[in-house]
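Participant: The hints should help you fit chain H onto chain Y, whose structure is shown.
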Amino acid sequence: MSEPLGRFAQQRPQRVRVQAPQDASLNIPATQPEQSAENFYVRQLIRSQLRLAMAVAAGLLIMLVGISAILAFWPVVSQIMLFNIPLPWWILGVGIYPLIIIAGMLYNRTAARNERRYRSISR
Amino acid sequence: MTNLFSVLALVLVSLTTMLIAFYGLRLSRTTSDFYVASRTVRPWWNASAIGGEYLSAASFLGVAGLIVLSGQSGLWFPIGYTAGYLMLLLFVAAPLRRSQAYTIPDFAQIRFEDSIMLRKITTYLVVIICWLYIVPQMHGAALTLSIATGLPGWIGPLIVAAVVCLTVVSGGMRSVTFVQAFQYWFKLAALVIPTLFVLFQVLPEYSVPERAAAVAGQLESISSMSLYETISIILALLFGTLGLPHVLVRFYTNPTGHAARTTTAIVLCLLSVFYLLPTTLGVLGILYTKDLSASNADATILLLPQSVFDGILADLLTAVVVGGAFAAFLSTTSGLAVSLAGALSQEFFNGTVRGFRISTVLATAIPVVVALLTSSLALAGAIGNVFAFTASTICPLLLLGIWWRSLTARGAIAGMLAGAASCGLALLGSSMMPHNDSFWVLMLRQPAAWSVPLAFVVMILVSKRSKRKIPTNVERVMALLHVPERSYK
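Chains Y and H, in that order, give the protein sequences.
Sequential numbering from 1 applies to the first sequence in the working numbering.
Sequential numbering from 1001 applies to the second sequence in the working numbering.
Just so you know, these hints were derived from the structure itself, not from any lab.
Please note that a few of the clues may not be correct.
To be verified - Computed footprint of chain H on chain Y, listed as stretches where at least three residues anywhere in the stretch have a Cβ under 8 Å from a Cβ of chain H:
no.: 1; segment: 59 to 71
no.: 2; segment: 87 to 93
no.: 3; segment: 104 to 113
For each residue, glycine too, the CB sits at the ideal point set by N, CA and C.
Just chain Y, with the same shape it has in the complex:
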């Protein structure tokens, strides 16, 4: 009774081994299939990093173009004074820089978090 089972168990690994060489006639580089799970995680990492970078960049662009448009179409802003210097000079000369630094630091935090998540999933 145990004989057929034993023979069955012996055959099973053979089937798997035979299939691979048969399929190999297709012209696919050998390294790809075994890494495909890994590739999936890498793609996800790249996508999340790109989405993050795009979001920050879009925010920056909208802010800068928006400010230049406001100053162009709405010159009244120039009549607001702070220590006798018109407000646009303060915004452009001083105010934007902290925003750029904060954007950079927030980005760094989130990008590092994305990488940690990738590390914890991938191995």
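Facilitator: Coordinates of chain H only, in the frame set by chain Y:
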């Protein structure tokens, strides 16, 4: 008016730069393998070095000059230089560090192994960009020397070229992050000191309400740029910083991609602090420096001490500024010369040491000749044009190369050529046309707003048409660029 102190400051800065470079070289040879050492440069040192290299003549002299010339619009330039660094952080810093590429042609080769053509075209573009970037440094040197010391202007570029050649040929500049780091703090000090002196001198005037109320009128009397020009400049500076050849080399000295990001964030802080000074000095220049015109506005910072003070104090403060200005010319030019000589020697001399030395001489001599033959535009404006050109060529290659796996070598070549041709021809055309403000002339004078999107679109469309040419190793290269290093916790 020959100013002895200014000459002394110039000599001192040149000698110190050379000494530190030579000494640093000996140190790195005797202590340990400097490649290992340079990969463990701390973020703060590295950030100072990047700042030192990045803050060129355009930043040191040009920003104040532009504020004097175009008022409020001039403020956009330092914002663009800084925000450009944020873009670098977002899209390029960490992946480029992980790519193991030293230069942009290296990156092109890593991404597209098979395309020698792409590598060559990238190399030629890098060479053009470096030369275009060095020429304004030489103009700045000529201007500074003639205004501050009264010596003939052509000596300035020669001094810069000689010092840079000596330090780079000896191999000094390549290993020495220290020189660049030192230059940042020196440049900062060279602007902080005159700014504080001038502010303390003039602030009491403004306790008189009428005098204070007049400031706004003086500031707003300068006509600013049109909205199209402003947006085009913002785009050029944001996207142009990504592709600057001398800036990218510096990322290699970070230990990991994560450290590259930390470094870049510190650079943002260093740049922001620095740019407050030329901005302040530009405003003071509007209020106090007389007889400024388009031809000498870049000298605002050099002339300001003499407009506010008399005698020896004015001479001393001018000398401090002259020293800082030469530090700016030297550090930026040597950074560019290293990148340029590397590219030239690789391309034309098979990368030998002798080839590198010949290339260094070529790298600095040609811009000197060009600078002496041409007259100076506004420095920050000239650099703005270089940024527009970089944004239309190298930037799409890097952005799409790092983030889009369907990019093909053919697409990259087509996009870069389209960007180079359109942006280059527009800038050439506008320089020959009479200066007027009709919309079409503006489109040519500030081409970035249309030439950058054009380069991207061409690159994407041609890549889509040549889908079969996507490199077979793209997955591995993408993983190399984006997967965090093992050492990272």
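Participant: If you look at each residue in the segment 87 to 93 of chain Y, do at least three have a Cβ nearer than 8 Å to any Cβ of chain H?
Facilitator: Answer holds; 4 residues pass the 8 Å Cβ test.
Participant: How does the coverage statement for the segment 104 to 113 of chain Y fare against chain H, requiring three or more residues with Cβ below 8 Å from a Cβ of that chain?
Facilitator: That given contact holds, which follows from 6 residues of the segment 104 to 113 of chain Y lying within Cβ reach (below 8 Å) of chain H.
Participant: Can you take a look at whether the segment 59 to 71 of chain Y is actually covered by chain H? Rule is 3+ residues, C-beta closer than 8 Å.
Facilitator: holds (count 7)
Hint compliance for this structure: every hint is met.
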